[in-house]
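Chain order of the listed sequences is A and B. Here the first sequence is numbered in my numbering, starting from 1376 and rising by one per residue. Here the second sequence is numbered in my numbering, starting from 638 and rising by one per residue.
The hints are simulated quantities; they were obtained by calculation from the structure and are not laboratory data. We put the beta carbon where it would ideally sit given N, CA and C, even for glycine. Take these hints with a grain of salt, some might be off.
[Stated by the list, open to error] So the derived label-pair ranges between C-beta atoms look like this:
1. A/P1686 to B/S700: 24 to 32 Å
2. B/E723 to A/K1420: 56 to 64 Å
3. B/R703 to A/P1613: 19 to 27 Å
4. A/E1672 to B/S777: 19 to 27 Å
5. B/T813 to A/E1672: 39 to 47 Å
6. B/G796 to A/E1672: 43 to 51 Å
7. A/Q1418 to B/D756: 52 to 60 Å
8. B/R703 to A/S1684: 27 to 35 Å
[Stated by the list, open to error] Cβ-to-Cβ under 10 Å is the rule here; a few derived chain B residues that face chain A:
9. L659
10. S663
11. E664
12. E665
13. Q666
14. K669
15. V685
16. P694
17. E699
18. S715
19. L717
20. D778
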Amino acid sequence: MDESKKRLVQRLIRRIPTKMLKTTLEKWGHLTGEQLRAMDSIQSKWALTESLLAICEENELAVKHLTELEMIYMIDNPDQGMWYAFQLTDPGDDAQSVDLMQFKEQFKSHLREIVRQVSVKIKKHTDEAVWIRIAWGDTYSRPDHLKPTYVVHYLQTPYVFVTRLNSKQKPILFQAMVLSTRYQYFKDANLSGRNLTAIRDLLMRKYQQVFPTKYPSPLTERKQTVTNPHVEREQAKPAANRLQMACEAFGGGTLPQLQSAVYKLETKFRDHTNTLMTEREEPFRCVVKFSSTNLLESLKNCASSGIASTPVTPLLSSIPLKGKNYFVITDNGPGPSSQRRQTQN
Amino acid sequence: MSDARSEKKRDKLPGLNTANILLVESEEQFQKSLADALVEETAVTVYVRLAKSLPLPKENEESRPRIDLVVFIINLTSELSFQSAEASLKYLDPGYLLGKVCFMVTNARNVSVPTKRLDAVRKLAAALHCPLLFAEDQTSDGVTNATKRLLSILKVSAGLVPMATALYLSSLTSCTVPPRHRPAKLRLAPVFSGGVSLNF
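All chains should be modelled from the sequences, with the hints used to inform the complete structure.
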């Protein structure tokens, strides 16, 4: 029995919750009905591991089959760990015509050119997404299947989402990606979050947006619920106004779930009374981090309830507008430091 | 013209068996559930006005009835809530305060509340001779209790209780600042229910 295979099985069983194991194994399709039923009746994780290992022996399943199982589980449950968004820029003439087969072949060959010991598995998911699992090895060691990098790319779009990428492997992946998609550059989109679909929706603008208008939309009229005639809101108009502004900045429907937003301030310190700091050559650095289980929803609520002033400062509204949640604010940047202080309220 | 003016004046007279209450809360959360519970009252017709802060908008002046009781709801976990109530108070006529204003505090049991803030609210209520109520806003029981307390004050303020006037009530129920040396734990006990029982 191969040691690496054993450890991979152990890890898989440990990661997949028992109640999801059955559907995942069914999707995998390498087990007979009888084996599936046998697996279903086992309760303990240890026994499941032993049983799956025995089945692997019996059906002659190799590591590559097991990685497929891992991919199936990962595609169904992508919200684990941090996902980072990247963007390809400057498309070549034939960038739009890259199809899956071509991409698959080229990506693998370009990656193998740089690293010899690498195991790549590419699978197309139903919603146009191409899932790539890369197990890295180096010159002297075989690919490590326990720490794979996952890459999700939407063909014909410049967006790439990556999780568990080592900084050492970053340039390698970038080069292979750029060459096989026929783009010129690869840049960090400054967006990260635990929820893959959320950051995808944010970057690809797949959430319900509201555009500035002078006239109230029929939508808001419909939303008004019948309240008791004995209860009257004195400041209903400003409240509706605030809600409209909040919706303009953050969108109307449910918002993608972001966990944090970071603002890094690098400006010159300006204070007439404090010459020591003002005359310093290096910039004054400060980091403001907002975090929440659903950041955009809470920011929208802040604006609509009047805790944050409206119209929403461009610093906050640019999270959904630019699809970023990491900002560096410099002296020539979009927002002066006074604005930043407002947002802390 | 004179007709319209007299009409307006008549609007501000108390109605038969009605009471008007104004709930001021910067967060606009608890006031909604309170309002829904208040209008359920059957013995008296209760009209509720909700506001985020004072002053109230001019354009509603015509339709606004005579307000019998103003309640400032303060969420103790938020400094903003307290500051907003403090700022709104300035727009009330000083002569109006006695018996017509009360403070309602939520989240007083929360661990993250600095004791200084509760003291500040107490001092504010004591300085204005207003009652200070403590309420629980998360549970429906808490809302019902808070509604009951508000209704008993409201009925007096609206002149619906024979032999009791707002001024008389306020002298009994106004908040007092506790002496410094008492332990912090004891200070959380509701001030309002301590002195008098209010069963009208």
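message: B/E664 was flagged as interface toward chain A. Is the shortest Cβ-Cβ separation under 10 Å?
response: Where the cut-off is 10 Å and the nearest Cβ of chain A is about 7 Å from B/E664, the hint holds.
query: With 10 Å as the cut and Cβ atoms as the points, is B/E665 at the interface with chain A?
result: holds, 6 Å
field: Per-residue hint verdict: B/E699, partner chain A, C-beta under 10 Å
entry: Hint violated; B/E699 Cβ to chain A Cβ min 13 Å, cut 10 Å.
query: Holds or violated: 24 to 32 Å for the Cβ distance of A/P1686 and B/S700?
result: holds, 29 Å
- prompt: How about B/Q666: closest beta carbon in chain A under 10 Å, or not?
  reply: With Cβ-Cβ at 8 Å, under 10 Å, it holds.
- prompt: Against chain A, with CB atoms and a cut of 10 Å, does the hint on B/D778 hold up?
  reply: It is violated, given that the least Cβ distance between B/D778 and chain A is near 21 Å, above 10 Å.
query: Quick one, is the B/K669 hint okay against chain A at 10 Å, beta carbons?
result: holds, 8 Å
task: Can you let me know if the beta-carbon spacing of B/T813 and A/E1672 is within 39 to 47 Å?
output: Holds: the Cβ-Cβ distance is about 42 Å, inside 39 to 47 Å.
task: Hint says 52 to 60 Å; check whether the CB-CB distance for A/Q1418 and B/D756 agrees.
output: With Cβ atoms ~57 Å apart, the hint holds.
message: Using the nearest Cβ pair, does B/V685 come within less than 10 Å of chain A?
response: Where the cut-off is 10 Å and the nearest Cβ of chain A is about 5 Å from B/V685, the hint holds.
task: Take a look at whether the Cβ-Cβ distance between B/G796 and A/E1672 falls inside 43 to 51 Å.
output: For B/G796 and A/E1672 the Cβ distance comes to about 46 Å; the hint holds.
- prompt: Can we keep the B/L717 interface hint, with Cβ of chain A closer than 10 Å?
  reply: holds, 7 Å
Of the numbered hints given earlier, the model fails hints 17 and 20; all others are met.
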